[in-house]
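Novice: Listed here are the chains, written in short residue letters.
4 protein chains.
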Amino acid sequence: MGNTFGHTFRITTWGESHGGGVGVVVDGCPPRLELSETDLQTELDRRRPGQSKIVTQRKESDTAHILSGVFEGRTLGTPISILVWNEDAKPEAYEDFKDKYRPSHADYTFEKKYGIRDHHGGGRASARETIGRVAGGAVAKKILAEQCGVAIAGYVRRIQNISAEVDPSTVRMQQVESNIVRCPDARAAEQMIDLIAQMRKQGDSVGGIIECVARGVPAGLGAPVFDKLEADLAKGVMSIPATKGFEIGSGFAGTEMTGSQHNDPFHARCGKVRTRTNHSGGIQGGISNGEDIVLRVAFKPTATIMMEQDTVDVHGKNVKLKARGRHDPCVLPRAVPIVEAMVALVLVDHYLRQKTVALND
Amino acid sequence: MGNTFGHTFRITTWGESHGGGVGVVVDGCPPRLELSETDLQTELDRRRPGQSKIVTQRKESDTAHILSGVFEGRTLGTPISILVWNEDAKPEAYEDFKDKYRPSHADYTFEKKYGIRDHHGGGRASARETIGRVAGGAVAKKILAEQCGVAIAGYVRRIQNISAEVDPSTVRMQQVESNIVRCPDARAAEQMIDLIAQMRKQGDSVGGIIECVARGVPAGLGAPVFDKLEADLAKGVMSIPATKGFEIGSGFAGTEMTGSQHNDPFHARCGKVRTRTNHSGGIQGGISNGEDIVLRVAFKPTATIMMEQDTVDVHGKNVKLKARGRHDPCVLPRAVPIVEAMVALVLVDHYLRQKTVALND
Amino acid sequence: MGNTFGHTFRITTWGESHGGGVGVVVDGCPPRLELSETDLQTELDRRRPGQSKIVTQRKESDTAHILSGVFEGRTLGTPISILVWNEDAKPEAYEDFKDKYRPSHADYTFEKKYGIRDHHGGGRASARETIGRVAGGAVAKKILAEQCGVAIAGYVRRIQNISAEVDPSTVRMQQVESNIVRCPDARAAEQMIDLIAQMRKQGDSVGGIIECVARGVPAGLGAPVFDKLEADLAKGVMSIPATKGFEIGSGFAGTEMTGSQHNDPFHARCGKVRTRTNHSGGIQGGISNGEDIVLRVAFKPTATIMMEQDTVDVHGKNVKLKARGRHDPCVLPRAVPIVEAMVALVLVDHYLRQKTVALND
Amino acid sequence: MGNTFGHTFRITTWGESHGGGVGVVVDGCPPRLELSETDLQTELDRRRPGQSKIVTQRKESDTAHILSGVFEGRTLGTPISILVWNEDAKPEAYEDFKDKYRPSHADYTFEKKYGIRDHHGGGRASARETIGRVAGGAVAKKILAEQCGVAIAGYVRRIQNISAEVDPSTVRMQQVESNIVRCPDARAAEQMIDLIAQMRKQGDSVGGIIECVARGVPAGLGAPVFDKLEADLAKGVMSIPATKGFEIGSGFAGTEMTGSQHNDPFHARCGKVRTRTNHSGGIQGGISNGEDIVLRVAFKPTATIMMEQDTVDVHGKNVKLKARGRHDPCVLPRAVPIVEAMVALVLVDHYLRQKTVALND
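Protein chains in written order, with the working numbering: chain A, 1 to 361; chain B, 1 to 361; chain C, 1 to 361; chain D, 1 to 361.
Keep in mind that the hints were calculated from the coordinates and are not lab data.
Be a bit skeptical, because a hint or two may be false.
Where chains are identical, the list cannot tell them apart; a pair therefore holds if satisfied intra-copy or between any two copies.
Unchecked claim - Computed list of lysine-lysine pairs in PhoX-like fashion (alpha-carbon distance at most 25 Å, straight line):
id : residue 1 : residue 2
1  : Lys272    : Lys317
2  : Lys59     : Lys355
3  : Lys53     : Lys201
4  : Lys142    : Lys112
5  : Lys355    : Lys112
6  : Lys201    : Lys317
7  : Lys355    : Lys142
8  : Lys98     : Lys272
9  : Lys272    : Lys320
10 : Lys112    : Lys320
11 : Lys272    : Lys322
12 : Lys53     : Lys320
13 : Lys112    : Lys272
14 : Lys322    : Lys53
15 : Lys355    : Lys322
16 : Lys322    : Lys112
17 : Lys201    : Lys90
18 : Lys98     : Lys112
Isolated chain A, as found in the complex:
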């Protein structure tokens, strides 16, 4: 259980970090959508290890193979199976962790849950699992863009205490992709890159905040009770490894305002109902109102650090542990496309569900 996400547009991911490969089955994709492996690869390359000096140096091409569901360049409406082989698994780097629980990793909790675990690279708990999400998200993004003009842009908003100045309503993908940390504020980006490089040298790590905006979302997506759009977005992004918090619109800061300050007054603009402010973050009562959907996700500093740490072994003995091998001193640059993917998956699911909420008048 728990390896499927979505109701109408569903992805099921599989794979361990050091097993044969990883992949995803996308079910519920509408038929006749043009789709190629290139569409997937563009997104996977943004998530790929080894893409820059500030990320892990594991060498994976992360090449997407579409095994089903696409015929003569178009989707069939049947499940799309996507496979990525593991190419640079180095299980030997993890032998020391076979008997020791890495602090703030999932080693101990997997052991308690399953009574067995693949200790190589975290096994199923590895962020390598997110390849399937990004591939599925690429399909979702394509549907959203082509069918209702939705554009999704994620970017690094903060690394540790370096904050970027960004206007979510105008930020452009090109700005985000113009530097290796994926922060559209060039000045802040430089500082962030320096900080991450320094952390790598120290064998330590940092976290930060990713912001993501979805523009062009039609009003009416979502649901009023449990499947509120913000609830599904929260679940989606909080299922990404290393996340510790989620907020939408005004978020935690909004709790310091009064109602008269926080309410978004409606006004008519160009024949449309719009709001003057967007503290709501594009969602009211669980349903999109047509304004930009803006959310933020907190990522903790990477748990893998190259420093000696106290821990316990599988026999319950206090021991010392020191990681070796490859790791990301900061996960945020590679997490940007993952956040976008989860946002896209939630939106496309609600977009398709909304089609069932209509009578033939």
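Based on these hints, arrange chains B, C and D on the given structure of chain A.
Specialist: For chains B, C and D alone, kept in the frame of chain A given last:
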């Protein structure tokens, strides 16, 4: 769709604010649990309108009627249908909103989604829907307490910029319930009550942060990928009306730490594997580690205020609107049992699911 | 679990035979559909006990109360909660069964599953649960009729070895409802009524076959793999109490034909693709082809008989048991609307799901 | 949607007949089960084309590759991804069907549903999809056998009008596998083989009935309402291509009995509650009673025949069509392991779900 929450332990809520009543069907409750209407009433009374001077004065007894699933005081394993009649509906107070969209309410988005809405008290978007959650949560709490010794305590951590000093690992229910704002820090509670009373007088509103702790959760609950425990908790609490943010453990503040500061070192204590710090908030890799689960939820200031506001009517004309009638100047005191209910619902679902992850050795 | 049926259009039923009442929550109903309690009552009256001399004489008005989801005569798109009070429960008639397992009833299996059971009238296993299905099915029928012109007609095809002559493609509701056994072949109907009356006198019971036809189903509903239309129909009708078999189109008889006899040749008629024969029963590869959907359901003779039977008590002792009280010597006349309801529920679910299988060209 | 089966133990299949390959993701398998590719291959070989002279001669090794979820020979509790490459696709044999709808195939209905189809070998509608079911079923069978001693045996009960004499309570796997038609009655088997060989020569096809028995199923599996064990079994087997009917226990024949003949009297035997007869087919009120579960499935004659047939082309013109290439003149011998797989998948799902229906006393 969207009115059911949970996989193995599931609740389906129904009802509009000013319709016949509201209720819930609880499915998947184990058989032979002692259960009475009193068990439900205790929790419903904490959520009830009119319970103090700082909440809405709508007069509802919110009496729970169990219509099925309980036989001679014990659950049958069949669906438990719980009904609460609406007693003090005042639809006339809402006639002015029939044609005007209240700012930061769900009026406009419901209209866009469904092309129809019950404008009385928000209809389905009313927080009255949460009665079903609290009733279902009361059943969940009982199972957790009796079957695995889990205790859940929510409380107000902050109102606007008044913060309470609370230690989640020792806070007691009695402290929380000792004042009408449900804040265990008596000094802060007093200031909060004053602030809310003042807001009511001004016709304005405030928001804040509720913190919730679950103690005694066994290690091993949750799932590694999409159904991570924190992801399901995020979805659960972000589906509560008026929420804008969620965080677990170190949350957003944790993004300012380095990995070496943030990691929770394991150590052996009394034959158990424990962590020295709890930045993880009791969950690692989506699975509980046996430490306290600590989360925080941001609530925006109530959208209903007694001041004139700009808005648009259903014909797209710019108009003025002023609310009348009863409302909460601050939803947090009544939201505490709702947060607890959602946390309990998520935990009991994962508790029951964990039973399927076991071989007969 | 297991009290919800459907994916997009979902019903959740609740209630025990001798508890407070029975009901259903309908979720996923499109908004703005005209709906009244009368729409439900028409169908419930066809299922009602006491409607004729050949059914059980339990006195229930089975009056449907809509508690939510309908506003000024139209659906809101929110859950429709429907409640029917139990009026003529006679728990005392069942005291003898408290400790004895009635043969071919669910008493023993409930005990093994739950370790507890409500022995009054079968509790949750009572056919009284089907009230919720019929009420939900009434909503489904209305959508199908109004939105895509589908008409569903069920009727008794055989009682024990009395078979009716019926042409599914032309049978009319009026013929079915013209006699108390719901068999459109008047001559056979008379014999069936006599047989059932005689069985009642003997304290014995009979079963038979209900046939159901859905006309006007658009081509394209269903799914190619697990959610084949015939698979969902099979699940739907086989979840009705007392069913032992299901067949579609040629069914079991079709196994005696060769492929060249069984295949339904396509031909063009009035600009449409039609089949000359309909051995397929309106479904090919799990998807409707626009021809009549024709299915048959086998019902066993009622398990409750007024004769002494061998059985075992809860202590494992061999004992004798003799039923008292009210019962149906043949369930088929009252089961006709239940079969129709399940067929309608499956079709409306696939009808709504099909809306998600479309690109905006 | 629709490519996933099961709730707690779930399989998601993917793949087209002439695409890259076919496969399945198994989710919810308990951890620490010994599992190898050989366990899967044993079952896949029983379903494989080319296994005898009476089945299709397409040359596929159908070799199972486990890509995830198994570590050092044991399951991890994470998704098990299984891949089988397509080796002998001959798309050119299907060029004639690109524009013509094969009678009683899914060509026309796919076109109506999706507006696109892969015309090579039926694409997703091909029985090749069932490879994923058989692989998933092999895992299910292993759990059932090791964890609760359940043994499942399917066999051909009838081909056209040649019926076998079989006692479901004693039939042995070895008898079934002793001949190529998988009928444990050696005399009938011979006649069946002759009939199928003759049909192949004529270019025609035949259908028949497969019976399947599950022995050792513990009492208490199933659910009382929609997820009745027989309902889920019906859905499972009716989702297999070419099925037209399902019956359990006495089935359609049982409708000719009276209640006093049909009821299964309980009696105490060796300290257990047993029934004297088994007209119930091992299930009462949707829940297993510990007796053998016995069901039958009707398969129509194969739609692919080597004779000229009337049909319509994609332009709506009446045309003639004649199949070429490889096909099964009778699907039953290869369908036996598929029926068993679906039965195993349903039983293991309910077996795991039953674990959640228990209090810690």
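Novice: Honestly, which of those hints from before does the structure not fit?
Specialist: Numbers 2, 6, 12, 15 - these are the hints that the structure violates, sorted from lowest upward.
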